[in-house]
Amino acid sequence: MASDTAITDKTGFRIPSMSVIGPILALAILILIGALLNPNFLGAGNITNVLARSAFIGIIAVGMTFVITAGGLDLSVGSMAAFIAGLMILVMNAALPTLGVGVPIILLGMLTALVAGVLAGLLNGFLITTLGIEAFIVTLGTMGIYRSLVTWLADGGTLSLDFGLRTFYRPVYFDGILGISWPIIVFALVVIIGEIFMSRSRFGRHCAATGSNEHVAHYSNVNVNRTRLLTYAMLGVLVGVATIMYVPRLGSASASTGVLWELEAIAAVIIGGTVLQGGFGRVWGTVIGVLILSLIDNILNLTDLVSPYLNGAIQGVIIILAVILQREAKAKG
Amino acid sequence: MKTLLAGSVALTLGATASFAQDTKVIGVSIPAATHGWAGGMNYHAQETVKRLEEVYPNLDFVLATASDAGKQVNDIEDMVATRNIDALVVLPFESDPLTPPVQAVAEGGAWVTVVDRGLSVEGIEDLYVAGDNSGFGRVSGEYMAEMMPDGGKIVVLRGIPTTIDNMRVEGFEAAIEGSGIEVIGMEHGNWNRDDSFNVMQDFLSKHEQIDAVWASDDDMAVGVLAAIDAAGRDDVQFVLGGAGMKEMIKRVMDGDKMIPADVTYPPAMIATAIEMTAVGMTSNAPVSGTFTIGSVLITPENAEDYYYPDSPF
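Sequence order for the protein chains is A and B. With positions in the first sequence counted from 1, the corresponding number in the numbering used here is that position plus 22. With positions in the second sequence counted from 1, the corresponding number in the numbering used here is that position plus 1474.
Okay, derived cross-link-like pairs now, SDA-like style, lysine to any residue, Cα gap no bigger than 20 Å in a straight line:
| no. | chain 1 | residue 1 | chain 2 | residue 2 |
| --- | --- | --- | --- | --- |
| 1 | B | 1524 | A | 174 |
| 2 | B | 1724 | B | 1770 |
| 3 | B | 1720 | A | 175 |
| 4 | B | 1680 | A | 333 |
| 5 | B | 1680 | A | 68 |
| 6 | B | 1680 | A | 60 |
| 7 | B | 1731 | A | 185 |
| 8 | B | 1680 | A | 70 |
| 9 | B | 1680 | A | 53 |
| 10 | B | 1680 | A | 324 |
Hints in this document: simulated from the structure, not taken from any laboratory.
Isolated chain A, as found in the complex:
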């Protein structure tokens, strides 16, 4: 699969293939267009906003990269994020009279999100690996379950964090170190750890082997089921991490939280060069995919060139183009 990332020309000089340059090129063109269209585009404020709001989908998409690389899929992450956000708000509001506003209650909320995330991920993984049900079906089912649960918890309305608590928790989204906000820092850390896992660890190799050919992987002494289970659990934890960053932003969760996040995350993974059928994954590519998707939205909001009705169409065109570019490259390589 290494041949996927580079092709060798006649002189033996390795030039990066289209699947490597494609996404980077697209991102560079987008940044150029943005800078030409609006002078504020490259301003620190705008860059911070875009990176910080990309962090939710980005953190989830890193986990999704592993799931897809191992030949799986998870459609439940958006609903799961909404459910975990709702649960976190309920737990924190309930603990408020005993714990009061302070660091312990924030830690309790974070712990709730992580535990709920890992349990939700393990549930998906268990149904898929141990019971052998198709990933598409299992996560389609849990997608509906979590979405209904959050609607039910919120009684059809919106769950809101206690106002005092929200003020105290707010800096987790809006503040940071040296002017870089926390979501960006956490996103960067997740990406670095994810990249190391994917390209340098045995777990990453097992994921690729499992996704490439389950049977060959099995006979090569890879525990296919455990590898898959771990990818779902890891994705669950990352959904929890994303929720920890999400809740302090608006301090609320409702049935409309995280709608279509799963598709955005999957699209980002594919734009970044990970193969949808599994077997090959690239964490840094996913990051570029996430940035491409959120930059399109940002640029369209900053200009009046295109009717806002067409935002979705432009995103769609870019997703399809990115995949076509990669396939052409693969056919040639």
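Following the hints, put chain B in place on chain A, whose structure we already have.
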């Protein structure tokens, strides 16, 4: 006393029994609680059904919520096939796809009450209960013009692209015409907090000076306020939302400068529709026709009348 009570209970039971053959079934089909307003509407629908089932022992209610137009058509077909409904109260998910199935129900002889979103063919429904969408825009625009007598620069967040949204925006634009108010940006926030937060962040990057925001919905106003707050901008004087979310009404009541007013578009209109249908089924009072619920400007003076702390919205 005890015997008297027992007697009256027996009498009531007897009366119910003799009416049993006359029990009428009212089907209620509404969109699912996918955003704040719809959540409030679901709450009011459930409360009303619960209450009316006690008031009218000879009325039965079937309540179904649908997450898309296709599911809603199925719900209505099921109500006709399995519950043999005498009346249908429907808040159509979308006008066009729901028109033929609702027309079939009306042709089958059932009473039809349409709520909020009209059907594509006129004359199907017996009763039409609706909010006033152009009025919603007009009242909002008039308030903006009144608050900014010298004009100013505003940005507008629109809802999901639909005819409702178009009517509101047209009403708003007509009302601010000639007032000196300039709309410097208009984008869809999709009646969603997160989308509106992002759109407002981008508006703040794009424009140096924004005097006010027409968020056109309270959920969107929440996202807008968070974005302004995070950007630390003090040029925005106020944000006008709409629909009457309880948290926003509370802020109006408390005299919050950023939320000086709100415009109603009550989710409780579903209760009006169910109630009037029940009256039509059980009495001789004529209820057919059109019932338009006006959009009212909520200010600190009258906010208390529109504050429902128990509703989820």
